[in-house]
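Peer 1: Listed below are the residues making up each chain.
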Amino acid sequence: MSASGRTRRAAVPLARRRFLAGVAAGAAALTAGGCARGTSTSAQPGTTSISNDNATWDDGYRAAGHELKKITGYALRPLSNPSVTSYQQVVQMTLQTSKASDLVKWASGYQLKRLARAGGLTDLSPVWQRYAAKGWVRGTSREAVSYRGKAYGIPLYESYYVLFYSKPVFAKLGLSAPSSWDGLLHCAEVLKRNKVTPFLASQVGGWPAIEWFQELVSKVDPHFYQRLVAGQASYTDAPARQAMDIWHDFMRKGWMTSPDFDQARGPGALKEGTVGMFLHGTWQASGMSAAGMEPGTEYGAFILPTVRAATPKSVIAESGVFVVPGRASSHDAAMANVAAWLDPSVQRVWSDFLQDSSANPKVRSSNPVVAGLQRDVARNHRLALVRYWESGPPSLIQGNTNDLGGFMAGQTSPATTLRRMQERAGDEWAAWKRDEA
Amino acid sequence: MSTYTTGRRPPGTTGTPPAPRRTTPRSPREHTRATVRQRLTAGGFMAPAVLLVTLFLLAPFVWTVYRSFFSDTRTAPFSWFENYSLFASDPALSRSIQNTLMWVVGTVALPFVLGLAIACMTNSGRFSRLARLCVVLPYALSGSAVAVVWNFMLTTDGAVNQVLTGVGLDSLAQGWLLTWPGNTVVMIVANAWQATGVAVILFLVGLQSIPPETLEAGSLDGASGWQQFRHIVLPQLRPVSIIVIGMSLVNGLKSFDLIWVLTQGGPGRATETLAVSMYNETFLELRPGAGAAIAVVLTVIVLAASWLYLRRQLDVKGV
Numbered sequence: 005m006s007a008s009g010r011t012r013r014a015a016v017p018l019a020r021r022r023f024l025a026g027v028a029a030g031a032a033a034l035t036a037g038g039c040a041r042g043t044s045t046s047a048q049p050g051t052t053s054i055s056n057d058n059a060t061w062d063d064g065y066r067a068a069g070h071e072l073k074k075i076t077g078y079a080l081r082p083l084s085n086p087s088v089t090s091y092q093q094v095v096q097m098t099l100q101t102s103k104a105s106d107l108v109k110w111a112s113g114y115q116l117k118r119l120a121r122a123g124g125l126t127d128l129s130p131v132w133q134r135y136a137a138k139g140w141v142r143g144t145s146r147e148a149v150s151y152r153g154k155a156y157g158i159p160l161y162e163s164y165y166v167l168f169y170s171k172p173v174f175a176k177l178g179l180s181a182p183s184s185w186d187g188l189l190h191c192a193e194v195l196k197r198n199k200v201t202p203f204l205a206s207q208v209g210g211w212p213a214i215e216w217f218q219e220l221v222s223k224v225d226p227h228f229y230q231r232l233v234a235g236q237a238s239y240t241d242a243p244a245r246q247a248m249d250i251w252h253d254f255m256r257k258g259w260m261t262s263p264d265f266d267q268a269r270g271p272g273a274l275k276e277g278t279v280g281m282f283l284h285g286t287w288q289a290s291g292m293s294a295a296g297m298e299p300g301t302e303y304g305a306f307i308l309p310t311v312r313a314a315t316p317k318s319v320i321a322e323s324g325v326f327v328v329p330g331r332a333s334s335h336d337a338a339m340a341n342v343a344a345w346l347d348p349s350v351q352r353v354w355s356d357f358l359q360d361s362s363a364n365p366k367v368r369s370s371n372p373v374v375a376g377l378q379r380d381v382a383r384n385h386r387l388a389l390v391r392y393w394e395s396g397p398p399s400l401i402q403g404n405t406n407d408l409g410g411f412m413a414g415q416t417s418p419a420t421t422l423r424r425m426q427e428r429a430g431d432e433w434a435a436w437k438r439d440e441a
Numbered sequence: 131m132s133t134y135t136t137g138r139r140p141p142g143t144t145g146t147p148p149a150p151r152r153t154t155p156r157s158p159r160e161h162t163r164a165t166v167r168q169r170l171t172a173g174g175f176m177a178p179a180v181l182l183v184t185l186f187l188l189a190p191f192v193w194t195v196y197r198s199f200f201s202d203t204r205t206a207p208f209s210w211f212e213n214y215s216l217f218a219s220d221p222a223l224s225r226s227i228q229n230t231l232m233w234v235v236g237t238v239a240l241p242f243v244l245g246l247a248i249a250c251m252t253n254s255g256r257f258s259r260l261a262r263l264c265v266v267l268p269y270a271l272s273g274s275a276v277a278v279v280w281n282f283m284l285t286t287d288g289a290v291n292q293v294l295t296g297v298g299l300d301s302l303a304q305g306w307l308l309t310w311p312g313n314t315v316v317m318i319v320a321n322a323w324q325a326t327g328v329a330v331i332l333f334l335v336g337l338q339s340i341p342p343e344t345l346e347a348g349s350l351d352g353a354s355g356w357q358q359f360r361h362i363v364l365p366q367l368r369p370v371s372i373i374v375i376g377m378s379l380v381n382g383l384k385s386f387d388l389i390w391v392l393t394q395g396g397p398g399r400a401t402e403t404l405a406v407s408m409y410n411e412t413f414l415e416l417r418p419g420a421g422a423a424i425a426v427v428l429t430v431i432v433l434a435a436s437w438l439y440l441r442r443q444l445d446v447k448g449v
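As you go down the protein sequences, you meet chains Z and R in turn.
Take 5 as the starting number for the first sequence in the numbering used here and just add one per residue.
Take 131 as the starting number for the second sequence in the numbering used here and just add one per residue.
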């Protein structure tokens, strides 16, 4: 009995009600907080947010944003999601909401076409025209960023697929960068004889499985590669079979790393001398520096020679793009920044950070290895070919990439792999064209 | 939930009829009002849970079933059971079903047998606590962390092959994660390494709840160690066994994280289970209709397996 005359027991329901009311209020507050707009993509004065899937580039965006701010008044605020798969899902979902970032890094080609087809992107054709008038973009790149005649992307970078190699290891074994197919085979034989795995090949993470396929097919016949990725040639045709046979032969000879070799270890493996050549995009140059290798003295790079000397020279090119969501929080600021992105002052900083070639052909890479490759591409009038990953309907590419991964693990023969790829190509191209119609 | 009729019993009266709280009889109108109020109160307490389950579980499930009947082209027309026919025509999905069955068998058998054996061995003894801790510790790790550790061991140039090469067993070194069915088997073993911990804990609880008198009686009757285990211990562990097998069954059917981190279902979709295939079709191959069909099939299998198993094992008391 309390002093007031009430029993203690009588106070219990009240306490419980208070408790429940407190819990309900807390839940309501949490719900309200959860529904509230996050601050990450909301408009922040003097900046534009940029979604990207490579957290190691954040410092580069900030440095380039510093230059952009001098021109437009807006810096770059990177928002990174390092998992490519979840990044793609998040971007596709947020494009339909009011939480879209101001700028989004995306792949070119059919990856971009699919995104543009779903709606929600800003037409950047006027920006592209201004760039083209100044000579700050390559005209040949426009198709890779366009959908139904409108440009939806501005090139973020331009990389070439090349073979990195360790100069000290090559020098020790009396080798030099090969300029012919026979020279390449000689290098591989010597490396193998000296217990160095000649080539890095991987399917860890899925997409790397395309690297050797696109490289070998294009070096057998670049025009066939163009027809193949456009759905106008068959995967079971002779050039594709020849490329797969070469690849299969390399694997049988033990010239390639195990397919579960993680590419992230590539620069380290080159430096240690356990792997001789590393096929990858030139954007890997920054990874080489991170591994403590100096360009030109400790590592070099060359474009894979053609299988026959008479075959036209080509290079696989990869170009990421910026897109501007129609519902970007700071749409005007985002448009101002994409309009100034390819300005040489900005590209100088960006290219220096990446140690890669800029999408602006007037900006030379400060990395001597990449600059040498740029000269090679220009001097030999190499045909720039779109990377396989962006070259066709995403469902087709994803499925074929899985098949190539299976081939690398020895699950299927070259012929079976190509047959499956062709069957999928028939279905997926038909589906894509039906959708377009 | 306490009510006026069941929730205010004094201690020690469990099982006896509840004492009426009011001595004065209530009028029928009062009685009806009280009943309605009770129902409203009960409904009010249940409403949040019902609402949440409906919103976040039932509604998405109904939507998933609905979506599975539409094709994956841009206009997504109604296509009846076309997505379900992939199970017959797509070799990747056939392999996925095979893998799922392997996972179910592996995740039920290994943790059960190992858990029971380790629990029996560490129930008493000098270093039992330490041994128990060593076995239970992996259970505290996340699936992703376990996968990272096993990845370090199982890659072609990983720890396992280096040890084999180091001791002169080069011929046994291989790409553990590259060839089927070996890659699925090693991932099941990795999963068992982690999942055995919880089975051990549950079996230990079961072992410690066995009355020692029953074992003493068996001993006095001349039963050997094995006979005591077979006829006295094992029957009394039945409730725990039901829980361990039931949990393992569902875990096997929904296995995802370990596979995703170790192989992403590859190479060439060789290690996919239905859960991984569902993710792969929906988010990587961009076929939400096919992904929805796999989700529906997986849900039906999980529900059917759980129902069939629990229906046989649980009696009306729930044990």
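These are calculated hints, taken from the structure and not from any lab test.
Take the hints with a grain of salt, since some may be wrong.
[As the list claims (entries may be wrong)] Sample of chain R residues facing chain Z (criterion: CB under 8 Å; computed from the structure):
hint : residue
1    : R204
2    : H361
3    : L414
[Claimed, not checked] Restricting the straight-line Cα-Cα distance to at most 25 Å, the calculated cross-link-like pairs of lysine to any residue (SDA-like) are:
hint : chain 1 : residue 1 : chain 2 : residue 2
4    : Z       : K437      : R       : A303
5    : Z       : K257      : R       : M377
6    : R       : K384      : Z       : V88
C-beta: ideal position from N, C-alpha, C; glycine also.
Peer 1: For each hint, tell me whether it holds in the structure or not.
Peer 2: Hints versus structure:
1. Look at R204 (chain R): its Cβ gets to within about 4 Å of chain Z, closer than 8 Å, so that hint holds up.
2. This hint is violated: H361 (chain R) has a C-beta 49 Å from the nearest C-beta of chain Z, more than the 8 Å allowed.
3. For L414 (chain R), the shortest C-beta to C-beta distance to chain Z is roughly 5 Å, which falls under 8 Å, so the interface hint holds.
4. Of the supplied pair hints, the one linking K437 (chain Z) and A303 (chain R) is violated, its CA atoms being roughly 48 Å apart against a limit of 25 Å.
5. Between K257 (chain Z) and M377 (chain R) the CA atoms are separated by roughly 47 Å; this puts the pair beyond 25 Å, and the hint is violated.
6. With a C-alpha separation of about 23 Å, the suggested pair K384 (chain R) and V88 (chain Z) falls inside the 25 Å cut-off, and the hint holds.
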